[in-house]
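Listed here are the chains, written in short residue letters.
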Amino acid sequence: MAEFKLKIRRYDPESGSAPYWDEHTVELEPHRSVLEGILQARNENDGSIGVRCSCRAAICGSCGVRVNGKPGLACHTHLGAALESAGEDGVIEVEPMGNMPIIKDLIVDMDAVHWKKIQRVTPWLIGKQPVPEREYIVSRESMIDVTQSMACIQCGACVSDCLSMEVDPLFVGPAALAKAYRFVGDPRDGAHEQRLKDLSEDKHGIYDCTHCFKCIEACPKGVAPMNQIMRLRRIAGNDFQIKDRNNGERHEAAFVSNIERNGILHEADLLPDSYGGKFHPRAVPELISSLPIVVTALLRRKMTLGKALLHPHTAPDGVKRIFEVVEGREERNEFNLYISGTDAEAEASPEVAAAIEAAEPAGVAPEGTEGSSG
Amino acid sequence: MPAYDVLIIGAGLAGQRAAIAAAKTGATIAILSKVHPVRSHSVAAAGGINAAISPVDDWRSHAYDTIKGSDFLGDQDAIEIMCREAPAEVMWLEHAGVTFHRNQKGEMDLRAFGGASMKRTAYVADITGQALLHVLYEQLMKYHEVIDRYEEWFVTSLITNEGACVGAVAREIRSGKIETFTAKSVILASGGAGQCFQPTTNALICTGDGIAQAYQIGAPLMDMEMVQYHPTTLAENGFLITEGARGEGAHLLNSEGERFMEKYAPNKMELASRDVVSRAEQTEILEGRGVGPDKQGIYLDITVVPRKRTLEALREIVNIGKDFAGVDITREPIIIQPGMHYMMGGVKTDFNGATEVPGLYAAGEVACVSVHGGNRLGANSLLDTLIFGRRSGEHAAERALAMQMPAASDEQLIHDREMIAEILARLKSGRRISEIKQELGTTMNRYAAVYRDEAGLQSAHEVVRRLKEEAKTVYVDDKGAVFNQDLLGAIELDYMLDCAETIVVAALERKESRGAQFRTDYPERNDAQWLKHIDVSRNGGDVPKISYSEVTITDWQPEARTY
Ligand SMILES: Cc1cc2nc3c(=O)[nH]c(=O)nc-3n(C[C@H](O)[C@H](O)[C@H](O)COP(=O)(O)OP(=O)(O)OC[C@H]3O[C@@H](n4cnc5c(N)ncnc54)[C@H](O)[C@@H]3O)c2cc1C
Ligand code: SF4
Ligand code: SF4
Ligand code: FES
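Protein sequence lines correspond, in order, to chains A and B.
So in the working numbering the end of the first sequence lands on 374, straight run, no missing numbers.
So in the working numbering the end of the second sequence lands on 1563, straight run, no missing numbers.
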């Protein structure tokens, strides 16, 4: 057992007074969760502490909060880890999520923001006609792929700190766009083009994201909303050639042709041609992980990122060939954490695997990077 | 005062499925839930849903497995309906958008589950419940014009008029406003009562509200003694490791490294039905072959499953192992033990969901049809919620469309308002809610668990009676109207105590061992005397009254049960 000091942000709308900090000491093992800490304080000291919770196991999505300023699930944050990220006084700070109005203590109004945005993306399957008698026959990978977005528990942690939403409250936002990908990536849905058009043309749609990575960091379920947004952009721009008013599609095209040209993402090249917005240093591996995995696997296996970023490259023939094979296929599979797990070892069809094999390292030693989707 | 044809209490799988089915009839519908619908406990279901969709399968085989799993206490007419309708229901879900895992041919893949004679479980990685619940909620959003959602509304009581159920009283959690909802038909879909036990795999919201509310208005409960202990839960906090793990081939090992299931179920091994596996584990532990610091655990060895498969199909438990037990399950065994998981019993209904109170229906874990009898098979509960959720939605709507709106008086509303005022006014001298809850949970887990006997159950009953008295003076700190969770906790405590009492009373009554009930003082199954359901109801007073009802047997006669 160890003692932990929790400082909980309290607000009672009926009291007429401003929010304040409320400190409690709890006794628990360091691997127990911040939620268990809050509940101990509630059970033993003060039953009026307001926090939504139910499953205790990071699956119901109730307990989104900020711990030491970072959004996440209280039940999915160990007290020990929280202590490490605490300030010098060793007090763990728990606050309500951002970007949503506070109702009481740690409870925010998700309906007013989060669920409104979900409703915005026509969040139900518009089944392809004719509806088969039994199940739709679709590829195994496509179902696994959309399962990544399906893994979203609607906790709002990504919404809490989305930079674009802070600037533009009308931005559809990470969770809702991940939900949109769940349909756009689903081969059974018959309205891909309308959905993409709608979200491309909306000023607050897919091109309103500034790649700040906050949503990827915040998400407790590995949904990686930003990656899903990148996929929406790529499918809108490449597959449907949707030209949006906001010119977002051009950014996307620059990114892909950069890789095709250089064999690896060359940041220096890319910045001037596309990204005007914020650019996080970790953008590179994250963006790479949003590419079709055959490219990812190649990059991970054959290149070191450090070198890739420091030196200009010309694309090895292999990379070009992979692009040809992948782009030339009738059906393109997106792969994700359910397939690659925590290993970067991806599964690829024999033709693609052969192309990967053929693509010999362009003077760089093989080195894997950690899977980014853990 | 809102009035609807059909009022649905609870928005887990059973409630949402009922709402969608009722919506198709043109009835006016409201669905109430004390948490946002996607937070309902159905979200935690991991492993999958059973249906005989494989061309080499047959619903009769599914039915037989279910009946055998139930230790012949399940009602066979209802089981036949469930298994026959399962394939169409699963196809309906697929068409609604559930991202079921596919095989290489692009058809739905099936995995093995306990007590099943073949692979019959459709799944979405190990987030099946979440995928189903979120897809149903997508449908609720789609039908938002026909289904009124009251999210974060807490039902405090059912309302009766001349013996029929005509609505409910509910409190809007966000404002503290309390209202009477009038309805022609009411469907209870408010889930199980796992929180009566500590630890449990169940969420904090599973406090048996609906079971207690139905009991309060005189509806009989059935099979309450049948409480399922799941064979693989984490000792510390009760978290579930899905049966899907054993379905994928994981082994159970004792301290000597033996696959001890050989001794207890030589054919099905780890995939025998849950009561059998949990008992086997408990026996190993009692005989000193447990593992872990206090020798109260068993090893679950998932490392025998190919790592890639584990990462793809059991990802959620990889995370649970990592986050909540600090173990990489793909590399080392994890320590588990049997833990309280599911209530086979609940409000007694027929196979259309109708209870014995006119106008009141029930579906899902709150109800007892009884398709699970003495022991539920894994992946049959999601099926139960959907099949009987749909059927009660249809029947409740049909009943409603043929009648006038009944009158619901404000009497219950006034009563509940006074009850709340009384709770808020209590003196600080009372015990804390959490203390009583903890004492209840540990008592039940000690005496009403895998092994039971007369003396233990008697002492559990005494504790529950005492706690009921103490609960009358529990003190709440929060006196406010907005999101007063403290107050709701006090109300839930009463529900839990009602449920616990009926569980103990029924377990005392059944003087035999069948399914999940194992009485060390009556270790044999006794068909001559006990092939019958135990019903518990309130005889107007405060003491549970016992009666019996017949088990419906169609084609399958009881036989000895071996795995
Ligand atoms: C960890 C875990 C894993 C499981 N895995 C599987 C599996 O793989 N396969 C399987 O078949 N089964 C599984 N089960 C069992 C299954 O998930 C549940 O039995 C089933 O989901 C219950 O659904 P339900 O709709 O009846 O109730 P719930 O989903 O519990 O919903 C209850 C609803 O009632 C509402 N409610 C309750 N009280 C009130 C009140 N007073 N006022 C207003 N609303 C109220 C709640 O808000 C909620 O919306 C699992 C269970 C657990 C615990
Ligand atoms: S990456 Fe985009 S969607 Fe994600 S938080 Fe940043 S701006 Fe928002
Ligand atoms: S995408 Fe992740 S962080 Fe955002 S709501 Fe879903 S689960 Fe939560
Ligand atoms: S309590 Fe369910 S996600 Fe934290």
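Since the hints were derived computationally from the structure, they do not count as laboratory data.
Just so you know, not all the hints are guaranteed correct.
Stated by the list, open to error - If you only want the chain B side, here are some residues facing chain A, beta carbon under 8 Å, derived: (1) R1039; (2) M1091; (3) A1096; (4) H1101; (5) I1127; (6) N1237.
Claimed, not checked - With a straight-line Cα cutoff of 30 Å, these simulated DSS-like cross-link-like pairs (lysine-lysine) come out: (7) B/K1024 <-> A/K128; (8) A/K128 <-> B/K1142; (9) A/K7 <-> B/K1024.
Stated by the list, open to error - Stretch-level coverage of chain A by chain B, calculated; a stretch enters the list once three of its residues show a Cβ under 8 Å from a Cβ in chain B: (10) 6 to 19; (11) 53 to 64; (12) 87 to 97; (13) 233 to 240.
Since the model is a prediction, treat every value here as computed from it, not as a measurement.
Idealized CB from N, CA, C, for every residue including glycine.
Against the structure, the hints:
Because the beta carbon of B/R1039 sits about 4 Å from the nearest beta carbon in chain A, less than 8 Å, this interface hint is met. With 8 Å as the threshold, the beta carbon of B/M1091 comes within range of chain A, its nearest partner Cβ sitting at about 6 Å, so the hint holds. For B/A1096, the suggested interface contact is upheld, since its CB lies about 7 Å from the closest CB of chain A, less than 8 Å. Given the 8 Å rule on beta carbons, the hint for B/H1101 holds: about 6 Å separates it from the nearest Cβ of chain A.
A hinted interface residue such as B/I1127 counts as satisfied when its beta carbon comes closer than 8 Å to some beta carbon of chain A; here the least separation is about 6 Å, so the hint holds. Interface hint at B/N1237: satisfied, since its Cβ lies 7 Å from the closest Cβ of chain A, which is below the 8 Å cut-off. Among the hinted pairs, B/K1024 with A/K128 is consistent with the structure: their alpha-carbon atoms are about 21 Å apart, no more than 30 Å. Restraint check: the Cα-Cα separation between A/K128 and B/K1142 comes to about 16 Å, which is no more than 30 Å; the hinted pair holds.
Between A/K7 and B/K1024 the CA atoms are separated by roughly 50 Å; this puts the pair beyond 30 Å, and the hint is violated. A count of 3 residues in the segment 6 to 19 of chain A with a Cβ less than 8 Å from any Cβ of chain B is obtained; the coverage claim is therefore met, three being the minimum. Remark: the segment 53 to 64 of chain A is confirmed as covered by chain B, as 10 of its residues place a Cβ nearer than 8 Å to a Cβ of that chain, reaching the required three. Residue count for the segment 87 to 97 of chain A with a Cβ under 8 Å from a Cβ of chain B: 0. That is fewer than the three needed, and the coverage hint is violated.
Three residues within the 8 Å Cβ limit are the bar, and the segment 233 to 240 of chain A against chain B gives 0, so the coverage statement is violated.
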